[in-house]
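A.B. asks: Make the full structure from the sequences, and use the hints.
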Amino acid sequence: MKEGEFTCLDDIQAKMKTFSEAEKSMISEIITICNLLLVNPATSAPGERSFSSARRLKTWLRSTMTQTRFSNLTILNTHKQRTDNLCLIDIANEFTALNDNRRKNFGTFKESDFKISG
Amino acid sequence: MQTTKSTAEQPRSPTVHIQQLEAEHSASPGQSLTDNLHITEPFQPTNFNFPKKTFGKQNRSFQSKWFNDFPWLHYNEQSDSVLCFICTQQNEKLNLRAARNKEWVFISQGFSNWKKALVRFKEHQVSECHKLAMEYQISIPNTCGNVIQMSNDAAKKTMATNRFCLLKIIECLQYLARQAMLMQGDTDEESNFIQLLKLREKDQPVLLKWLERKDDRYTSHEIQNEIISIMANNVIRDLVADIRGGFFAIIADEYTDVSNKEQLTICIRWIDKGLEVHEDFLGFFNIPDTGAETIVSVIKAVLLKLQLSLAYCRGQCYDGASNMLGHKTGVAKRIQDVQPKAHPTHCHGHSLSLRVKDTVNCELLLNTMDTAKEIVTLIKFSPKRERLLGDIKENLDEEHAAGGIITLCPTRWTVRASCFQRIIDNYSALLQEWIVCLDQKLQADVRGRVIGCKAQMNTSDFFFGLNLGERLFSHTDNLSKTLQKTKMSAVSGQRVANEGRRIHLFR
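Protein chains in written order, with this note's numbering: chain A, 1 to 118; chain B, 119 to 625.
Derived by calculation from the structure, the hints in this document are not laboratory data. These numbers come from a predicted model, not from an experiment. There's no promise every hint is true.
Only some residues are given here: those of chain A computed to face chain B with a beta carbon under 7 Å [stated by the list, open to error]: (1) K15; (2) N35; (3) V39; (4) T43; (5) S44; (6) W60; (7) S71; (8) K80; (9) R103; (10) G107; (11) F109.
Ideal Cβ positions, reconstructed from N, Cα and C, are used throughout, including at glycine.
C.D. replies: The structure is reproduced here in C-alpha cells:
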C-alpha cells in the first residue's frame, strides 16, 4: 500500500473487497471499524424511496386497502429480488398447514407439483 | 409398505431379530398388514436374507421359492413370519364372518413354523376359510375389493391437481405483487388476478376446470391476503437472516398516504460479509400519532418481532423533525437511552435543503424564484398556452433540443436547476408567447400575471438571477443526487458536503 493511494473511505472499502477471507480475518478489527463507519447512513433516502413505491401502490383507486395488505405488498414490491427467489413450495406448505381442510385438499407440496401429471 | 420396504433394504441381524420376535409378535400380530388396507399385493422379498431358526438339530428359514407355489404368502419382515394375504384382506373387510375354522395363525398371528411350512401351506390353501376368501377376492373385485383403492387413486390425482392449481395461484400473486399491480377489479371476474389466471389457463387447461368450480377455488380476498402475508413474511425472514449478527442502522420517516393515514416507514442499513452496503425496507406501520413515544415503541416492537437486538444498532438517521431529533425526548434520544452507541445522523439531504434555503435568502434570488414559479404556473396549468409555446418554438426554428417548461419542485429545494435551465432555453419563445397572449381576450387576473411576467423577464435582474440560480442549484442538485446513493455513508457524505461548501463562494 502506497501513501496517497487512499483518500477516502470508498477507496478503502474497494480495497477491502479484494481481500480474501483469510486476509480479512487477519485485519478483523479494521473490518469492524469499516463496518461501523459504513453502517451510518447519510440520508433518509431509503425512506423516501419507500414512499415512492407506496404512492405507486396505494393510489386513489386503491385507497381502501387494509394496512397489513398494504405493508406486505410494499415489502414484496421493494424486495423484488427476494420475491423472485421465494420458494413457492415452502409457501404453499405453510399455507396448507394453517388449516385441516386444506391439508386434506392438497396434501404435501413437492417440487414435482409444478408440472401436471396426466 | 413403505416402512417394510425400507427396513428390508437394511436387514437387521438375525439374533436381534429373534429376540424382538416374541415381544412384537404378542403385542401386535400381523400389524404391518392389517394397518395398511391399501396395500395391494403381498410383500414377497426375493433377495432377502431370511433369518434362520433352530428346529431340533436343524436350522431352517423361510424359502423365497415358496412365494412361487403359494402366491398368497405375505412375509412379515419384522416378526419373520408369514400371513395369508387374501384371508387377511377379506377378514379386514369383514367378509369372513361366515367361515368356520378360521386359521388365525394365517390371518393375524403369523406363521413361522418352517419345519411344517409346506404341509401347513397346502392345508391352508384348501381350507374353507381360504376358499371363501378367494371367492370374495375373485367374484367381487370391482365392486367392493378395489373401491377403496380406486377412490384412493382418484383422491391422489385430485390432490395433485389441487396442488398444481394452488401453485399457479401463488405464482400469479407473486407476479402481481412484484409488479405492484392492481389485484382487484370492479368485480372479481374483472380483477387482474382472475384475468391473469384465465390467461394462464390457455397453457394449463387444468386451471380452467379449477376456475369453473363454485367453491374451494382459493381465490378469495382473504386467501389472497393470507398468501401475500406468508410471502412477505418469508421475504423479511430471508432478509433478517442476512442481517442478523452484524451491525445495523435504523432509518425512519413518516408520511401521510392518500387515505390520510400516518405511515411510519422503517428501513434498515446493514453491511454484508463482502463489505457491501444494503439499505432495505422493513415495512409501513400505521401510527395513531407522530409523538416520539409512539414511534419509539413501534420501532422497538418491529425489531423485537424480527429478533434484531438493539445491542447491534450503531446508527440512526431521521429528517430534522423535532419529534425525531429532539434533544430531550426525541426518538433518537430515546433509542440512545437504550443503546448509547446508536449514533444519530440528521439526514444530509434534508439539511442540505435547509442550507440551500438559507443561502438563497436574498431579495434577488427570492424574486427570481417567485417569477419563475409564476411563469411555470402560467404555462403548465393551461394546455392552451403550453400548446402555443410549442407552436412558437417551431416557428422560431431554433433550440429544437430544448424541452418545454418543467415544474419547479415544490417540496425540495435542491431540484430546481433544470427548471431554471429550461426557462433560459426558452427565453425568447416565452417573450413572444406573452405578446401573443396579451392580444387575446384574457381574464383580468391572468392578464395581470402575464404582464407581470413579461415585465420581469425584461429586467436584467431577473435574467441575472436566473443564471445565478441555475449555477448554484446545479451544484446542490448534484450533491443531493450523490448523497442519495445507497453506498453513501455518513462519513463519505460529510466529505462530499464539504466539497459542496464552495457554493458559498457564489453568494
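A.B. asks: State for each hint whether it applies.
C.D. replies: Do the hints match the structure? See the list:
1. K15: Check failed: Cβ of K15 (chain A) comes no nearer than 10 Å to chain B, outside 7 Å.
2. N35: Cβ of N35 (chain A) sits 5 Å from chain B, so the hint holds.
3. V39: 5 Å, holds
4. T43: 4 Å, holds
5. S44: Because about 4 Å separates S44 (chain A) from the closest Cβ in chain B, which is inside the 7 Å limit, the hint holds.
6. W60: 6 Å, holds
7. S71: 5 Å, holds
8. K80: Hint holds; K80 (chain A) Cβ to chain B Cβ min 6 Å, cut 7 Å.
9. R103: Constraint on R103 (chain A) not satisfied, violated at 10 Å.
10. G107: Holds: closest Cβ of chain B sits about 5 Å from G107 (chain A), inside 7 Å.
11. F109: Holds, about 5 Å.
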